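Student: These are the residues of each chain, in order.
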Amino acid sequence: MLEIKNLHARIAEDETEILRGIDLTINAGEVHAIMGPNGSGKSTLSYILAGKDDYEVTEGEILFNGENLLEMEPDERAAAGLFLAFQYPIEIPGVATMEFLKTAMNAQRKARGEDTLSIPDFMKRVKEAAGHLNVSMDMLKRPLNVGFSGGEKKRAEILQMSLLEPKLCVLDETDSGLDIDALKIVSEGVNKLRGPDRAMVVITHYQRLLDHIVPDVVHVLSKGRIVKTGDKDLALELEKNGYADYIDTAA
Amino acid sequence: MNASAPIKHTQAESDLLERFDRAKDGLAGSVAVKALRDAALGQIRDRGLPHRRVEEYKYSDLRAYMKSAAPLAGAADEAEATSLIETQDGFGDIDRYRIVVANGSFLAGLSDVEALASEGVTLTSVAEALAGETGTQLVASPKSGLTDGVVALNTAFLQGGVVITVKSGVEVSKPVELVQVATAKGAQAVRNRVELGEGAKLRLLETFAGDTGEGELNTVFDYDIADKAALAATRLIVGKTDAAQLFTTIATLGAEAELKSLGFIAGPQFTRNQQFINFTGENSEAKIYGVTMAGGKSLADQTLIVDHVVPNCNSREFFKTVLDGEAKGVYQGRINVAQHAQKTDGEMMTQALLLSEDAEMANKPELEIFADDVLCAHGATSGQIDEDLLFYLRARGIPEDEAKTLLVLAFLSEAIEEYGEDDVTEGLEARVRDWLADH
Ligand SMILES: Nc1ncnc2c1ncn2[C@@H]1O[C@H](COP(=O)(O)OP(=O)(O)OP(=O)(O)O)[C@@H](O)[C@H]1O
Ligand SMILES: [Mg+2]
Chain S
1 MLEIKNLHAR IAEDETEILR GIDLTINAGE VHAIMGPNGS GKSTLSYILA GKDDYEVTEG
61 EILFNGENLL EMEPDERAAA GLFLAFQYPI EIPGVATMEF LKTAMNAQRK ARGEDTLSIP
121 DFMKRVKEAA GHLNVSMDML KRPLNVGFSG GEKKRAEILQ MSLLEPKLCV LDETDSGLDI
181 DALKIVSEGV NKLRGPDRAM VVITHYQRLL DHIVPDVVHV LSKGRIVKTG DKDLALELEK
241 NGYADYIDTA A
Chain V
252 MNASAPIKHT QAESDLLERF DRAKDGLAGS VAVKALRDAA LGQIRDRGLP HRRVEEYKYS
312 DLRAYMKSAA PLAGAADEAE ATSLIETQDG FGDIDRYRIV VANGSFLAGL SDVEALASEG
372 VTLTSVAEAL AGETGTQLVA SPKSGLTDGV VALNTAFLQG GVVITVKSGV EVSKPVELVQ
432 VATAKGAQAV RNRVELGEGA KLRLLETFAG DTGEGELNTV FDYDIADKAA LAATRLIVGK
492 TDAAQLFTTI ATLGAEAELK SLGFIAGPQF TRNQQFINFT GENSEAKIYG VTMAGGKSLA
552 DQTLIVDHVV PNCNSREFFK TVLDGEAKGV YQGRINVAQH AQKTDGEMMT QALLLSEDAE
612 MANKPELEIF ADDVLCAHGA TSGQIDEDLL FYLRARGIPE DEAKTLLVLA FLSEAIEEYG
672 EDDVTEGLEA RVRDWLADH
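Read top to bottom, the protein sequences are chains S and V. For the first sequence, position 116 matches number 116 in my numbering, and the numbering has no gaps at all. In short: position in the second sequence from 1, add 251, done, that's my numbering.
Just so you know, the hints here were simulated from the structure itself, not pulled from any lab data. On a predicted model such as this, the values are computed, not experimentally measured, just so you know. Note that the Cβ used here is the ideal one computed from N, Cα and C, for glycine as well. Please note that a few of the clues may not be correct.
Derived, one-sided and incomplete: chain V residues facing chain S with beta-carbon distance under 10 Å [claimed, not checked]:
1) PHE621
2) LEU640
3) GLU665
4) GLU668
Taking the hints into account, I'd like the entire structure generated from these sequences.
Tutor: Rendered as structure tokens:
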């Protein structure tokens, strides 16, 4: 589903290199976890996947279901099935959450040549997904993310993800800021989306999330490179020993 | 400025002098009114049209903009007026009364005279009133704005308009639309007076239909709001026209009175919407909103002077501007608080969103405070669309144009929603969308 080949990227503004040759292949049905120290480039990778233009790819390529992802606009990527749950979801004053959800869902449907949703159908889907994720209708009446608590923002991201039904879900530290119960609810929401046609990239610092969302593959990213790949036990080992063993190899 | 120093007239100014010579005998008014017209024209003759060296017109040089001045529009065709009103309806399906002023004259035949009368609202033709004993009051009574160049131009050529009088205690059940129509090309000079008796309440919708060609549209509204009365006025200045759109509000508020207004500008090449607000009684409130959209090489100017001369009054000014292309936006707002106007609460905010590199906003909020016990604040911001917000929306599959529309709408809606006349909100937001679809 996703093939990243020798990806080098830098910050467009000051040309600082952040990613220094990433190779990563993710097949449909798989869940990959990416762990790594602060500042190693995890969010940068997720932003580049989503199409943020603060970064410049200097080398390498990304294929998404065989298509050249780097040539697509952010909205085209979303319509093609890529979803990024942001590490820091932003507040958008004046844009009503429901209006936003409807616009996003219908824009993607339109891009794929599907019919727009009827209002009752849309409402039904939102109510159902919100129910599962314990997101109150009261929250949905507010402007997008405005005044949401940290945990509420994360749940709202997963709500969007459930409604948009993407093929590739990239979760950037969705667990941070969630209380213990919310972590369970959100993980259940994510697990419900797991399936043979869908792949996931779960960026996290904590093994705890991976107890709920059990990964097939775990990668360690350090200084813009994947320095170690293993199975779910790698996460356990990291939890115990930290990154010291791997950071050295990358230096 | 030395008023007697001869100036070299522009083409437009020469046209105006000639227009006056040809039109003056036919223009309505008593001898006294004619003298006021002469004086007003004298101001134009001596000082010219308002231009950038006049402080209030620093950013909006009407003299440079007007290349020529078309003759005044002739009498209106009623059938044409009716069809224009129907096809260019400014407010969709809001249930309302209607008053029509076409080609500068009040048309009783197309206005809801009887229905309004039954609610306690009387309509009088300004042209007729000018000929009568109270004619000069119509032109000279407002407390401010009289020396303004645009008002002088209006006075000199004033064709007519309507006086809307709402009886004391009457709360008009439906909004009243005052639609100005142009059934023929030509300049229009209109003055409308809205008199609210004590405790009266009125919601006014001010719209325009038709095309004045190259002739400037100059309309003065004189709101006289008695004690405990309340007026909400929504002004639409829309449409693609090269004709200068000149609007003036002169408002006088009694005690415990309320004025709420929204000036909505989208489309014309040159717009000046200026307001003079005067508090003459205590415990009154004025909430003045502005929503401006300008693109291409157009200029849109919202200018406001609020005079707090009595204690205990509140004013709120909230203006939003969106600019594209090489457009220029102007906000000049001044709150004057006289020495004895203690406990004045004034809060002024102007915010601009620039959609292009070449658009330009002149923000000039000012406070002039001589009282010591007041709460006054002002702020001004100007910036581009937040790229992070745009990216977030696009990352959810919303194409760039649509995402921008959402963000611009969100930006402007803050003012529309705070204005809070719910029945016009939807129509105004639809106009914002239309404007964006065009830009
Ligand atoms: N737009 C930007 N401008 C300047 N520096 C940036 C920008 N984006 C990323 N960086 C820098 O690039 C490096 C990688 O950042 P990134 O956010 O990808 O790290 P991360 O692995 O997600 O870290 P964390 O675990 O703390 O979330 C950091 O040093 C960061 O400061
Ligand atoms: Mg990060």
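Student: Are the hints correct? Go through all of them and say.
Tutor: Cross-check of the supplied hints:
For the restraint placing PHE621 (chain V) at the interface with chain S, the shortest Cβ-Cβ distance is roughly 36 Å, beyond the 10 Å limit, so the hint is violated. For LEU640 (chain V), the shortest C-beta to C-beta distance to chain S is roughly 5 Å, which falls under 10 Å, so the interface hint holds. The restraint placing GLU665 (chain V) at the interface with chain S holds, with a minimum CB-CB distance near 6 Å, inside the 10 Å limit. Given the 10 Å rule on beta carbons, the hint for GLU668 (chain V) holds: about 9 Å separates it from the nearest Cβ of chain S.
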